[in-house]
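Colleague: Spelled out from the first residue to the last, the chains are:
Protein chains: 2
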Amino acid sequence: MDLQGAFHVYDTTLRDGMQQEGLNPTVADKLAIARQLDELGVGFIEGGWPGANPKDTEFFRRAATELDLKHAKLAAFGATRRAGVRAADDPLVAALRDSGAPVVTLVAKSHDRHVELALRTTLEENLAMVRDTVSHLRENGQTVFLDAEHFFDGYRANRAYALEVLRTAFEAGAEVAALCDTNGGMLPAWVSDVVLDVQTSTGGRVGIHCHNDTGTAVANTLAAVDAGATHVQGTINGYGERTGNADLISVVANLELKLDRRVLPQGLLREATRIAHGIAEVTNVPPASRQPYVGSSAFAHKAGLHASAIKVDPMLYQHMDPMGVGNDMRLLVSDMAGRASIELKGKELGFDLSEDKELATAITHRVKELESQGFSFEAADASFELLLAEMVEGERPAFFEIESWRVVTETVPQTGTAGGRAGEAVCEAIVKLHAQGERFVLVGEGNGPVNALDHALRQAIGRAYPEVAKFELIDFKVRILDQGHGTDAITRVLIETTDGAISWVTVGVGANIIEASWQALVDSVTYGLRKHQA
Amino acid sequence: MDLQGAFHVYDTTLRDGMQQEGLNPTVADKLAIARQLDELGVGFIEGGWPGANPKDTEFFRRAATELDLKHAKLAAFGATRRAGVRAADDPLVAALRDSGAPVVTLVAKSHDRHVELALRTTLEENLAMVRDTVSHLRENGQTVFLDAEHFFDGYRANRAYALEVLRTAFEAGAEVAALCDTNGGMLPAWVSDVVLDVQTSTGGRVGIHCHNDTGTAVANTLAAVDAGATHVQGTINGYGERTGNADLISVVANLELKLDRRVLPQGLLREATRIAHGIAEVTNVPPASRQPYVGSSAFAHKAGLHASAIKVDPMLYQHMDPMGVGNDMRLLVSDMAGRASIELKGKELGFDLSEDKELATAITHRVKELESQGFSFEAADASFELLLAEMVEGERPAFFEIESWRVVTETVPQTGTAGGRAGEAVCEAIVKLHAQGERFVLVGEGNGPVNALDHALRQAIGRAYPEVAKFELIDFKVRILDQGHGTDAITRVLIETTDGAISWVTVGVGANIIEASWQALVDSVTYGLRKHQA
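Keeping their order, the protein sequence lines are chains A and B.
To convert, note that position 33 of the first sequence is 33 in my numbering; the numbers rise steadily by one, no gaps.
To convert, note that position 22 of the second sequence is 22 in my numbering; the numbers rise steadily by one, no gaps.
In short, the hints are calculated from the structure, not lab data.
Only a predicted model underlies this, so the values are computations on that prediction, with no experimental measurement involved.
Careful: at least some of the hints might be erroneous.
Using 20 Å as the maximum straight-line C-alpha spacing, the simulated SDA-like pairs for lysine to any residue come out as follows [stated by the list, open to error]:
1) 55/A x 157/B
2) 432/A x 397/A
3) 470/A x 443/A
4) 258/B x 156/A
5) 73/B x 140/B
6) 73/B x 120/B
7) 347/A x 391/A
8) 477/B x 532/A
9) 368/B x 24/A
10) 258/A x 157/B
11) 531/A x 401/A
12) 368/B x 156/A
13) 55/A x 373/B
Please put together the full structure from these sequences, using the hints given.
Modeller: Given below as structure tokens:
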């Protein structure tokens with residue numbers, strides 16, 4: 001299907017989504033998110049505003065060589081030229097032109113008061129700015145979409161001028177004008193009326209960009225599509241400033257599953273849950289359990305009252321098959337659902353549990369118990385495999401025995417500085433362990449306590465198992481569970497390790513962040529050795 | 001205004017809302033929530049299902065004497081009589097009758113297959129169950145509302161039967177039939193069509209009860225009202241099973257502020273933010289920052305681009321005055337901030353920077369520099385205020401001078417266990433500092449290194465400033481920046497502290513997670529002392 005054709009699914013997670021309070025992704029984060037968006041099959045990925053900040057400029061530079069997009073085209077976001085200069089002479093327009101992005105989404109003012117107060121120019125000059133910038137980028141061979149900022153408010157204040165901005169853009173070669181409810185105050189019926197009028201009055205192709213300030217961003221977007229819009233903008237997990245943008249997955253799932261419109265490549269909507277959660281891992285925003293379609297509770301049922309009827313026909317109790325978005329039905333008080341997936345997962349890792357129901361049930365209980373303590377095996381396959389091995393083989397795989405460990409963090413002796421900013425801190429760890437009949441006591445330094453422990457642990461084990469030298473810790477994630485308990489809270493640490501060929505993830509949990517990290521480190525080395533010995 | 005008259009705002013937080021995964025309130029919690037709902041001015045509070053569980057029975061018993069409702073009437077929820085018995089002989093119906101609630105909301109099956117599979121009775125008997133139960137409760141003097149469960153799916157499967165259930169209820173004396181989208185798969189236009197047909201076909205008063213599975217619960221509810229429904233059900237904070245129920249505050253705010261319908265007593269919508277957060281305190285579910293109208297981010301602005309125009313006319317950048325729901329506009333400081341937003345933010349914190357452009361520019365540069373290192377001030381207002389104070393007053397506020405600190409994390413001596421799970425780790429911190437001319441050396445223990453440092457630091461400072469004893473660390477967030485560098489990565493720590501009256505957030509950044517936490521701890525105590533000395 002032509003994702004850049006008759007209907008556009010346009011993702012702005014990396015630009016408008018990152019306006020959300022607390023989000024501040026690195027360039028590597030943005031590249032990782034772009035890859036996941038492409039796996040969802042969106043038509044366009046708005047990567048940021050090249051030229052406006054160094055991070056976004058670097059994103060487009062690296063995207064050119066590091067992103068190998070299968071489905072999506074990259075869009076660069078930016079503003080029309082400044083008042084009183086030629087488009088070709090405006091360095092911000094030049095950055096868009098030179099970004100390498102095949103699509104440029106130009107934000108333009110369409111509300112008369114914003115032109116006067118924010119741009120501080122005349123209504124006439126604003127039209128010229130739209131015309132010149134669109135033309136200049138079109139001459140450069142780029143596709144241009146117009147983001148008509150504050151369009152709905154502008155339309156109310158001065159309909160004729162708001163429409164004139166769109167006409168100017170269309171005449172200069174813009175393919176789509178996305179009507180932006182920038183302040184987010186609209187309701188579906190109003191959106192519908194305006195979209196109909198814009199199409200009749202301008203004859204141009206209309207897109208829609210909604211925010212969720214009234215709690216109706218998804219419905220507003222659907223109302224626009226019903227009225228004829230063929231380009232929808234939104235963000236994964238509804239990220240965005242204030243109350244967020246329209247949740248793109250809800251919009252797309254409603255279009256495909258409720259309104260029978262194909263807008264993604266066949267089968268890719270089934271990746272939605274995985275991708276929504278994967279992107280939440282990168283942004284480190286805990287996924288909302290109640291999120292439509294992809295939330296962990298979205299298909300969870302308090303069983304009991306209707307359990308027998310659910311068994312006869314589950315579709316009586318759910319609005320769709322959760323597999324359609326890669327989610328799963330969950331009965332909250334039953335462990336029946338658990339065992340089946342444990343069996344499946346075990347099979348994936350080479351353990352046949354289908355013959356021994358009792359063992360599978362015992363593993364399910366153990367997993368539930370650990371998960372209630374804060375463990376999460378969803379991302380930590382390696383720790384899960386060690387757990388399975390322990391339960392199946394009767395004892396946990398062990399290549400070494402820890403006697404003790406210790407890590408000290410302290411300031412280097414110097415005169416204290418004002419305001420409590422003491423001198424730099426250094427870390428030193430000592431690990432004592434037994435392996436292959438010998439006792440090893442090694443020390444490691446590091447720029448943090450986990451770093452120092454990692455060095456000490458791998459030096460000590462390396463004496464017995466030289467292959468450990470190849471292991472490298474490549475990712476370290478910390479999530480505070482049960483927030484609101486201050487430094488008493490439970491911490492979950494995920495560590496990713498590579499041996500150069502494959503990588504694996506382990507997990508540790510505890511009230512003590514260092515101890516949780518230590519568990520994950522020990523699992524990491526144990527798993528690596530187990531793979532290398534096999 | 002007559003809250004039990006022409007338009008009903010019907011809250012089901014205490015019944016359907018508590019179906020949410022993880023919610024399990026005590027009777028005292030439910031009473032506390034009911035009081036807050038009454039302060040919002042809803043017309044009806046559905047308190048639970050008396051007779052179905054002891055907790056709800058006790059709630060109604062205690063409500064009779066302990067709740068002094070000014071605005072709302074209490075509603076008891078329950079099912080129609082069982083098949084084959086007289087209503088008067090069904091103990092669950094008796095519990096509704098004897099609950100003391102002036103209103104009973106009866107859930108009834110209106111979907112033919114649910115009657116057969118879940119109730120296991122005939123369609124005819126189900127009608128008799130509706131008729132008998134409504135009549136019996138009406139004879140007892142209670143107002144009866146019907147919750148027509150699975151109505152929309154039932155209407156699709158067998159329209160005639162679904163309508164017959166409603167007609168039966170109306171004829172027996174039910175005042176309202178609330179159409180329930182129990183599985184939550186509807187979209188606004190469909191809801192609207194069904195509501196119109198039901199009114200035409202039955203002539204009865206229609207209510208609406210939506211779930212958010214398609215992300216459109218609020219819009220579905222508004223569509224029903226637009227089609228003629230005069231009774232809206234919902235929950236505070238959208239609590240509920242799966243993706244939750246329609247968020248009642250969004251529904252009401254849209255009706256009052258966007259559609260000019262008065263549905264709450266004059267002025268009470270201004271309590272919405274306080275009440276939404278107050279109820280979240282009772283349920284112990286952290287409030288969603290992006291929640292429409294009442295979220296902490298709902299009126300927060302980030303883009304530096306707009307700050308100069310915000311100064312001229314804030315209404316250009318918000319869809320309504322946040323005071324209308326008791327919320328507040330907030331400017332976020334971020335790496336996109338320009339001088340204008342720093343000036344505005346400074347003003348918010350009591351620093352007038354408008355006279356000294358050079359200073360404002362210097363602060364802007366300093367903020368950008370720190371944010372490029374990984375600091376984030378948008379959440380950490382207290383650290384930002386200390387930075388402003390330092391720049392404006394020429395030196396950083398300092399109440400003490402740190403000489404040195406040290407924290408040790410080590411396993412308690414014991415024989416190592418197999419698989420590297422060494423014994424439990426303990427933490428001990430030593431802090432040496434000078435304050436008010438004296439030197440203090442204190443030790444602190446903790447279940448983690450930051451906890452231990454916090455104890456040592458506050459003990460040491462507490463010798464000089466006893467008010468520090470009141471400070472309590474209530475939240476601790478860790479974010480690994482620039483993932484992919486393993487334990488070398490930069491860490492950002494946010495700490496929230498309270499003195500019992502107000503709370504404040506501070507930030508620390510560094511490759512060493514302990515050092516970053518230390519910075520945030522020192523800022524936290526410094527800020528607290530500054531406030532108390534002022």
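Colleague: Hints the structure violates: just list their numbers, smallest first.
Modeller: Of the numbered hints, 1, 6, 8, 12 do not hold.
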